[in-house]
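Please dock the two separately framed chains into a single complex, following the hints provided.
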Amino acid sequence: MAADITLAAPIGTASQPSSFAEFWASFRENKGAVAGLVVLSLIVFVAIFADVLAPHSPLEQFRDAVKLPPAWYEGGNWAFPLGTDALGRDMLSRIMHGARYSLFIGLSVMAVSIVCGVALGLLAAFAGGWIDSAISRVMDLIVAIPSLVLAILIIAILQNPSLEKTIAAVTIVSLPRYVRLVRASALSEMGKDYVIAAKVAGVGSLRLMLRTVLPNCLAPVIVQAALGVSDAILEAAALGFLGLGAQPPTPEWGAMVGDGREFIRSEPWIVTLPGLAILVTVISINLFGDGLRDALDPKLKRS
Amino acid sequence: MIRFLIRRIALTLPTFVALMFVTFVAIRLVPGDPVEVRVGEHGISPERLAEFRHQLGLDQPVWKQFADYVWRLFHGDFGTSVVTNQKVLTEFFTLFPATLELAFCALIFAIGIGIPAGAVAAVKRGSTYDHMLMGMSLTGYSMPIFWWGLLLVMFFSERLGWTPVSGRIDLIQYYFEPVTGFMLIDALLSDQPGAFWSALSHLALPAIVLGTIPLAIIARMTRSSMLEVLNEDYVRTAKAKGLAPWRVIGLHALRNALIPVITIIGLQVGGLMGGAVLTEYIFAWPGVGHWLIDAISRRDYPALQGGIMLISSIVIIVNLFVDVLYGTVNPRIRHGR
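Protein chains in written order, with my numbering: chain A, 1 to 303; chain B, 1001 to 1337.
A couple of the hints might just be wrong.
Residues from chain A that face chain B, not an exhaustive set, calculated with beta carbons under 10 Å [claimed, not checked]: (1) G32; (2) V34; (3) L150; (4) A238.
DEER-style ranges, computed between Cβ atoms [claimed, not checked]: (5) B:H1131 to A:A65: 40 to 48 Å; (6) A:R261 to B:L1243: 48 to 56 Å; (7) A:W78 to B:I1259: 53 to 61 Å; (8) B:T1090 to A:V52: 51 to 59 Å.
Calculated directly from the structure, the hints in this document are not laboratory data. Where a beta carbon is used, it is the ideal one built from N, C-alpha and C, also for glycine.
In isolation and in its complexed conformation, chain B is listed as follows (with noise of 0.2 Å):
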């Protein structure tokens, strides 16, 4: 176990210099002086701006810079915003929980109506059921989210009332200081009735936006998972053995077809970080994929570095637990190859 262990991480590893690499080049392609768009428009006298090229470290020779830039990237230190002065660590981890948030509460739904629903379909297959389960997965994954959103947004929102539009929280009827960053569970802490409503309302929309996809692809999957699994011997054995059909196919069918079903969950987190940046788009909601396309239009492209070096080592560190956490459940996949 801890040699498979050692050899996903040792694979793992390249892609993390490739990643260094590739947003240390990328920086340098985008067009535009880093020293122009720190300094504006306004005129600039020589001794100013080299002093500026220096406090960047740009006027030393690519390698070192690239050295430099591993350097600080192990210290701690991912750039500066140039629009904000902030450190960027600082400003992502900021607004990261909210994107967790969010994006845990669209996989939550996801996965408590996918698997269900999906394992159902399979007991029940080619019902109506069924086949109104798999159209609708269709059309999941067929969904532009952005476009499905604003769907949303005009029925539940402006049509019905029932949801607000923008935000995490009505902010002018509740404040208080962030605890633990999930607006969930600090408005709970903050005892001010009403505030946990307000913001699981501000939630809603969000998260079942962001949860369609998975939701399709789980539902999908788990169905011919667990289709697969249903005619294996062992599923046939417990049913001879007179156990409860309920018995059968949760106990010994289902927990067996999850398998496959939770590498597919753990390959979501890619999309689910892109689709965050829609969602958060589309529902002003202040987490670091809004703040990615913040970056962008403000051109802060040490922001922008920063922001896709973390948020991709994010993604790289979960599709390695998806693995091993695979790889322990399923001890072929960690033997062979």
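Pulled out of the complex, with its shape left as it was, chain A reads as follows (with noise of 0.2 Å):
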């Protein structure tokens, strides 16, 4: 993130010599933010180590301890300190593993549909025409199909879900809000002095497109990313679920949260823990978001 933040700067900010500093001093002020960001770095810290902090592995069945309770309850074992699942998996090891699947989920579609969203939100911005009409349509269409919906079809076209499958369903659902606000800030930028100035100096278009008028529409896209990081995980968890995501034993949250209903009533930890990592994991990247929203695009600061 921060990398990106001091390549967005230079353009209109060349005066300002760290703009990373200021972001950092008006980001540390919102102390839920970095509370986020604590959070948030431990889970990224457990998925990139799962292997060597998990107890386990996530996909080991101990046939002598199936269904154990954590710990903490009677019956418990330290060995499983969180318990295990119907088939006697450790219950902490696949939480572990599975923080990766979400990261990764989320990583993924953010990278991908901000790629494609800044070159669809540009051409449109820049063509206009009916190249920027059949784009917005395109959009309009995809908003219009309630996301999960579409998500469940995308799916179904595809057939045979996993994980990959999930990640291009997410990513084209999440796709319109990127490339309407590419294309929104693309349009009031251009109208301005400065890409103006750079016109009549004779700047190339694909030059003016990425270097003059992108930096400057930066700012807003980075806020929109990590706040979509949050609707991707869940909206991916919801396919796991529904058995539409990651296949078993894959131990992706929401696919466990999916398995584990049957044991609502008498083993309820198998449902309830994967479902509080994806509570806590969304809960702290949109406290991060918020914080980045508010440091990044004082304009959008919530009162």
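Listed below in structure tokens is the structure:
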């Protein structure tokens, strides 16, 4: 993130030497955002080092320790701190590995939709005419179909749900907001003097697009991207829950909640813990994203 | 105003055309021949196959098929389910009242709590209440609602035994012919003691689950919109005039603060339909969301196609309606652009 921000700054704010320091000063005032960043870093750390940190393999089935409750309950065992699921797999290890899938989905969706969104948004803004109309109408259409329903339809078309298809479906669903955002801010930038000056100076249109206009459209996109990650994670988890996302035995959190559904009465931890992991992750990303917005885009600041 | 209306409708038309095109293409992209799906795995003679193909219009050129599809849509024919052999439109509108009732109650829940809670938070800005509400709102819109639904079932249904786990009413005790399709109203009309209560207790949890995200968003939006309005000159004037605080807040501030909130509520409709899929799935609620998931697992693609067409059309129309409503309450939108 930090690298993007410093990259984004040079054009408009070349005279201000360290816009990152300025950003950080404003960001750290927001206690919620800092808390979100801390928790999020922790989750990222766990996801990266899941292989080392997790006490067991997420797939290993301990046949003599099936449906063990978390250790602090009666009958629990500290060998399995958060208990085991219906097949005797260690819940803690599965949740730790699950962080990888959720973050991977969130980040891939974000990366692909930023690239496609920026490309389509800039194209729409610069080309105008029928290209603009076509792109805008397709985005209207994607927005008109409820996102989960559209994602389900895409999975149905692609057949045989998997992690990659989940990413594809969620990316398509989340594309419009980036396209619209980039298009709108590019259009508003294009009327400004510095762009006209660049045009008069004879800057080529590709250079104009990417070097002159784009950096000045990035702040809202970065903010949107941070908040978009949390939506992508929720959407993907919902697909996993419905059995249309990552397939068993993948320890994806949404799928874990879905698989554990039948044990809700007798062994509730199989359902509650992975869901709690989703909630905590999404909250921390949202807190971080809100802080990012307040720091980067004071105009949008929530009072 | 009429010009604004016409322009808005004209902007919607290409979306409809694109929607028809996408649903048409989508069903052709889905692997598996519709004829095979209908016939099943039994052997079939080539003549019968050709007959089926002809019946389904699959022997025509593609552009003709698309034209036929559009023609049929305009005549209210959204296809026939290959599983039940029922018209998709009939199936959809038998189940739709259940979804509508659920979504409507969820919205009532969200608006009824969200607006007052958000307004109070704005007035008491910075108080413990304000911080708590914002924390709850953050949790609310970060919530994986499928999990939230299961948690509520676990607590209220399994542990406390207050609410039933699934369905719309206790079918063993109460039976009556649907009149309006809305269980709450039908239960009242049936004059059976306890029926209304049974329907309400079935509805409560699903409506809360579906209403949670809109509630969080509406509360937050009302708060920030209210904060902006409270700084406006006319509110200060009203205060200075010596009006009672509740009049200033309720009449002068809240009324104006609600304009952006209305838009946000309108934008929730799409999300509500998506949320309804999950909610209906968890609570075995016999609505269109549940039906759509069933259609996928049965590979009933005509039902999926028609269902998505219908749901999206409803969302488009509601959004159009909200836009027009917004233009009515806020003339700047109407004349601008």
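Okay, the hints, checked on the actual structure:
no., hint, result
1, G32, "8 Å, holds"
2, V34, "15 Å, violated"
3, L150, "8 Å, holds"
4, A238, "6 Å, holds"
5, B:H1131 to A:A65: 40 to 48 Å, "43 Å, holds"
6, A:R261 to B:L1243: 48 to 56 Å, "54 Å, holds"
7, A:W78 to B:I1259: 53 to 61 Å, "57 Å, holds"
8, B:T1090 to A:V52: 51 to 59 Å, "58 Å, holds"
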